[in-house]
Amino acid sequence: MNRTIYYQSFIIACLLFALNRAHAQNDKQPLVTVHLKDTSMAVILKEVELQSGYRLYYDTADLDTAKLSIQVDQQPLVKVLGEVFSGTDLTYFIDRQQHVFISKGEPVHEGLPADFFESTAVIRDTARTGESVRDDLEEASKPQVATLENKLYVIGDKSTAGLPGVVNVAGFVRDAKTGEPIVGASIYTEKPRIGVASDQYGYYSISLPRGRHILNIQSIGMRDTRRLLQVHGDGKMNIDLQTQVLTLKKVTVSAEKASNIRRMEMGVQKIDIKTIKQVPVVFGEADVLRVVMTLPGVKTVGEASTGLNVRGGSADQNLVLFNDATIYNTAHFFGLFSAFNPEVVKDVELYKSSIPARFGGRLSSVLDISSREGNKKNITGSAGVGLLTSRLNIEGPLVKDKTSFILGGRTTYANWLLANLPDQYKHSRASFYDLNLNISHAMGKKDNLYFTGYMSQDHFNLNNDTTYGYGNRNISLKWKHIFSNKLYSIIAGGYDRYQYNITSTENAVNAYKLGFDINQLYFKAHFNYFLNANHTFEFGLTTLRYNIHPGSYQPVGKSSLVAPDVLQPEQALESALYLSDRYAITNSLSVEGGIRYSMYNYLGPSVVNNYAAGQPYSNGTLIDSTRYGSGAFIKTYAKPEYRLSARYILTENLSIKAGYNTQQQYIHALSNTTAMAPTDIWKLSDPHIKPQSGDQVSLGLYRNLKNNTIETSVEVYYKRIRNFLDYGSGAQLILNHHIETDVLRTQGKAYGVELLIKKLTGKFNGWFSYTYSRTLLRQDDPNAGEIINRGEYYPANYDKPHDATFVGNYRFTHRFSVSLNATYSTGRPITLPVGVFYYAGSYRTLYADRNAYRIPDYFRTDLSMNIDGNHKVHQLTHNSWTIGVYNLTGRKNPYSVYYVSEGGAVNGYKLSIFGSAIPYVNYNIRF
Amino acid sequence: MTRIFKNILLFFFLAVLFGRCKDKYDSPYKAPNTGYLVVEGYITGNGPTQFTLSRTVNLSGNGVIPPEKGALVQVEGTDNSIYPLTEVANGNGLYVANSMPLNAATKYRLRIKTGDGRIYLSDTVPYKVTPPIDSISWTYGPSYGLKIYANTHDPANATHYYQWVYDETWQYNAAEYAAYEYQKDQNQVVFRPDSEQIYTCWKEAPSTRLILGNSTKLTQDEIYLQLLDQIPANTQPLGILFSIIVTQYALTEDGYNFLTLMQKNTESLGSIFDAQPSALRGNIHSLSDPNEQVIGFVSAGTIEKQRIFISRYQVPDWRYYLGCDLPDTIVGLSPDALKHFYFEQSYIPLEAHYSFGGPQDGWTSNLPGCADCRLQGGTTKKPAFWPN
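Those protein sequence lines, which keep their order, are chains R and C. The first sequence runs 1 to 927 under the working numbering. The second sequence runs 1001 to 1388 under the working numbering.
Take these hints with a grain of salt, some might be off.
Unchecked claim - Derived BS3-like pairs (lysine-lysine); straight-line CA-CA distance at most 30 Å:
hint : chain 1 : residue 1 : chain 2 : residue 2
1    : C       : Lys1217   : R       : Lys513
2    : R       : Lys706    : R       : Lys346
3    : R       : Lys524    : R       : Lys706
4    : R       : Lys191    : R       : Lys690
5    : C       : Lys1264   : R       : Lys892
6    : C       : Lys1217   : R       : Lys558
7    : R       : Lys446    : R       : Lys270
8    : C       : Lys1264   : R       : Lys513
9    : R       : Lys558    : C       : Lys1147
10   : R       : Lys690    : C       : Lys1147
11   : R       : Lys177    : R       : Lys377
12   : R       : Lys346    : R       : Lys400
13   : C       : Lys1022   : C       : Lys1264
14   : R       : Lys910    : C       : Lys1022
15   : C       : Lys1147   : C       : Lys1217
16   : R       : Lys892    : C       : Lys1024
17   : R       : Lys910    : R       : Lys270
18   : R       : Lys346    : R       : Lys446
19   : C       : Lys1022   : R       : Lys892
20   : R       : Lys639    : R       : Lys478
21   : R       : Lys513    : C       : Lys1184
22   : C       : Lys1264   : R       : Lys910
23   : C       : Lys1203   : C       : Lys1184
24   : R       : Lys151    : R       : Lys446
25   : C       : Lys1381   : R       : Lys910
What the hints assert, rightly or not - What follows is a set of in silico ranges between Cβ atoms, one per label pair, in the way DEER data are often shown:
hint : chain 1 : residue 1 : chain 2 : residue 2 : range
26   : R       : Lys558    : C       : Ser1099   : 57 to 65 Å
27   : R       : Arg627    : C       : Glu1253   : 38 to 46 Å
28   : C       : Thr1219   : R       : Arg720    : 22 to 30 Å
29   : C       : Lys1107   : R       : Arg720    : 54 to 62 Å
30   : C       : Thr1219   : R       : Gly493    : 37 to 45 Å
31   : R       : Leu435    : C       : Pro1132   : 50 to 58 Å
Please keep in mind that the hints were generated in silico from the structure rather than gathered at the bench. Just so it is clear, CB atoms sit at the ideal spot from N, CA and C, and this is done for glycine as well.
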């Protein structure tokens, strides 16, 4: 740096008095021969310096970054330099001491003979736009990060420099240290205001007018940076960001952090793993889903559940994707832990309103969880030890800068604790584990391959010999190909499986094993096309084949009299074609329109029952059944889905957004339990069970305060749900050969308003959210089964009108921070008895209206302290401790309220999952 | 790992998963008045047919179930036969027909006309033949105590749905034997006649849970080790001699489903993964008002009974001993002492007390809690079926 400045001032001093002699020296110059292809200017100049014996002085930041091919034989120095600098604004001056001063500057340029430029022999490689600046810099062997910001990058062919119009710059944003892509980085220019965000692969594509620009790059947790660009034509530029080393200095926040103002989508929340890890959770294990539950519009029925209820949707109406793989059961260990290893997760994105057209198949939301790609530079890892679980994660390059892997595992050791319990619990067992393996591989500059493998397994029994086991298995392969700056594709395929089984062998005659599994094989092709600054198209197709074994009941052991009972397997194909266009009409007004045409085929072989027309499905109305052969198209449902949204920026800090979308769902979880149980049945739509459909209209207002350090938003929505399945009274859901007789088709509506205040920077950060929402269902069609509550609207199980959550973190020093969260919500609806009667030797309770009452309100506060070890960069391991208390106030939040007949009398009870404050400690190590 | 650390972890774990997280709950809501008719009974030909009619009450009520008296109840067959039931005097809504010549070829229904003139009619139900009980068996384990099971099978493969009702009886003693009794008229202590003994009692405990079983998932219509009751180890029921009589009923699928839902609604709720309660719909309808709710399900069939006895000697490990916390009191012979202790304080004379080598100087006595077995809920009347 100092050297550069020295040279620069020297150049200026020299220029002042030697300007007029500029081309008086050329006849005595040495001859130079250079044959170089695709070489950076810096290397060429070094070669020239070597051959000529002249000393060349220049600022590397001034050099053209494009690659050159030069072919000169025995030419004088000035001629060679002329060729090298042709098409650039660089000039030079040669003094008597055989020093060559290369600089940008008009005066020298004017003094040069015109023929220097006419005889240009520089052949510019047309493919160089595909090269990255980053490679260029490495060759120049001066990758000083500080100078990068001041260096001018030239993109595109200079020969087109004078043309008007807009060109495209694209590339990857990466972490300079690990080489991992940075998602959601904001890349923008101030004048004119053009901004884009990097996608989930760190890829960005921005359209800029030709000319010089300052490109600002910002991402949370990374140091803000900028690049000076001279844009002549389409080109590539990769950007490496440095991790932000936190200082006590005031954090400067600039206007463009306001991505929530400019962002097109509404109802989208994204949380990165760093934020997730700050939030205190029970047992101290960072939990992705628990943090999602603190967002406005997201609720859950209780603590022992990771099922999300998003904007009045049921838990099965969320599409949970982990690197494109569908995860059917997100719970571990009675729902106390979520199925995602926090060491592997990069971030979580929840779409609850504007669901992009590329997603479909669920009514309420898409929870897109992406994993990290693994460090591309070094082998590193981390480990954590908690009270009940521990985890280990190793990542690193397989081929440096090209292929990286990340391998993570978690397990629990609760069994030894259970074995120490008093007799009545002694024989309980509960354990789980999960494993992740992700491999990403860069094949050349245009292709990337991603492999994801995921496996989770739970086993438990509650002090009897009935053992429950369930698990997810997923593998997926994804190929990203960049056709050009404007078009890229992602082709993905994979296999997802969810299975559970229940085994009981205590009674030899009744010993059985019950099994259930869902298998799905999918293929997705997605294309992203940046037409120009105003239009971005996304289009593609997805197809998904389901294969469900809805239940098999088999004897275990020789003396078992259990008759094998296997429900017929179900097959279906769910496909969709989609197209969406994001259209920036003006700088302030943008609209996005998408259409997704989804088609569902219920396939044979199958035997389908036929019921009397116009009658509720029941054993009494069963007429006969029809047998369909393998591959027969038994029933087809198809419907277009619309995804519309619009954004209008009122002022720099204020915008308004609106959206409307429709959704179809062809697979349903059937449950009559409060929490999503591991043994819930998933049922495909068939001739009797129609797809669920829903639509939602929403409106939002976004305002940023205090230099954009505080984001606020208000969103309102109204939603309709059709053909939602509720269970009939006394429904039998497991091993039911005619499940259509036990479920009810209900219609629902949900509406609400969501408020969010968020501060993500500074010593104090966090968010506060408040939601008022209602979810009501109605079953008033006598032909669709039993009428509930006289056909009136009744609240859904997860209807909790008021919900307020505060999540905060205060950083006292670099190494010590305290997090607090507090949450309040209305108690969920419950069916309480309306009376008592005496029957079969006992007082018993009489139930009438479903969900007519509520359990007491919920309130909880958690506190945690995060203590980091020292922050020296060069040490073997980095340690940190998390110490906290879950449910600080020890409030016994009722999970359920119920009445039960015991010993002849009726007793009412209130059950809490956590009856006291739960302290925890967690030790984490990074290496 | 140190013991203390282990205990701390244990405490957390207990607190979390199984700790005192279950509390009494009193609903703050006021439920509407219901007063629906409740019908319980089983139509049978090989034993007395008994129907109990009552009404539902408020949850917050005092637990007194009003019996439905003065109703006309009759069983009607599809062969146009009619068998009236007669109301038992002071029977708290119990209506009985001792024997009816019913047959499996006919379907039956129940008609009720309540005192207020409303008419209720059940659906017609088939007359099921209940297979005999193969055995009532039991197992003993020091941790769980005594488990009693029913075993049955239907060679015809026609029953599939079963219900059991039991009635347990056991013999037990008071802690101390009272050989004497106090006569308050004469203010004197006399020998206690056998007919007034209060040392040996018999207690009865009917089943309070719904016990249901089915064999629909088995290749044979067989029920093996259907748990009826569990008696905690070293408790009173097996202190001397224990007996259980089990009645087995065959049910239709609908009848079984009704009772299963009632069982789910009222016995197995509250755990995390249990089903939520839902409305209960039986097969009895009001002719006067189709929307009126009636609780109950009428089933018909033969019944099978079996009684077994289990003696303490069959379970050598069973240790039950009823001690008396109160020390014996020596009550003097003076009329004032007798009056003070026996009349005013209800002491019971056990045996004569003699001074060392001398004459009787009083009565060894104790309070009824130690000497009167009836205070523990039994009666001194020996049941007819009890062996000697």
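Hinted pair R/Lys910 and C/Lys1022, Cα distance within 30 Å: 6 Å, holds
Given pair status - R/Lys446, R/Lys346, alpha carbons within 30 Å: 23 Å, holds
Holds or violated: R/Lys706 to R/Lys346, with C-alpha atoms at most 30 Å apart: Holds: R/Lys706 and R/Lys346 sit about 29 Å apart, inside 30 Å.
Pair hint outcome, C/Lys1147 versus C/Lys1217 [Cα-Cα no greater than 30 Å]: OK: C/Lys1147 and C/Lys1217 at ~24 Å, within 30 Å.
Satisfaction of hint between R/Lys910 and C/Lys1264, Cα-Cα up to 30 Å: Holds, because 17 Å separates the two Cα atoms, which is no more than 30 Å.
Holds or violated: R/Lys446 to R/Lys270, with C-alpha atoms at most 30 Å apart: 28 Å, holds
Supplied distance hint 22 to 30 Å, evaluated on CB atoms of C/Thr1219 and R/Arg720: 48 Å, violated
Satisfaction of hint between R/Lys377 and R/Lys177, Cα-Cα up to 30 Å: This hinted pair holds, its Cα atoms lying about 7 Å apart.
Cβ separation of R/Lys558 and C/Ser1099, checked against the hinted range 57 to 65 Å: 46 Å, violated
Pairwise hint evaluation, R/Lys558 against C/Lys1217, where the allowed Cα distance is 30 Å at most: 16 Å, holds
Proposed proximity, R/Lys690 with R/Lys191 (alpha carbon, max 30 Å): 53 Å, violated
Given pair status - R/Lys892, C/Lys1022, alpha carbons within 30 Å: 9 Å, holds
Hint compliance for this structure: hints 3, 4, 10, 17, 21, 25, 26, 27, 28, 29 are broken, all remaining hints hold.
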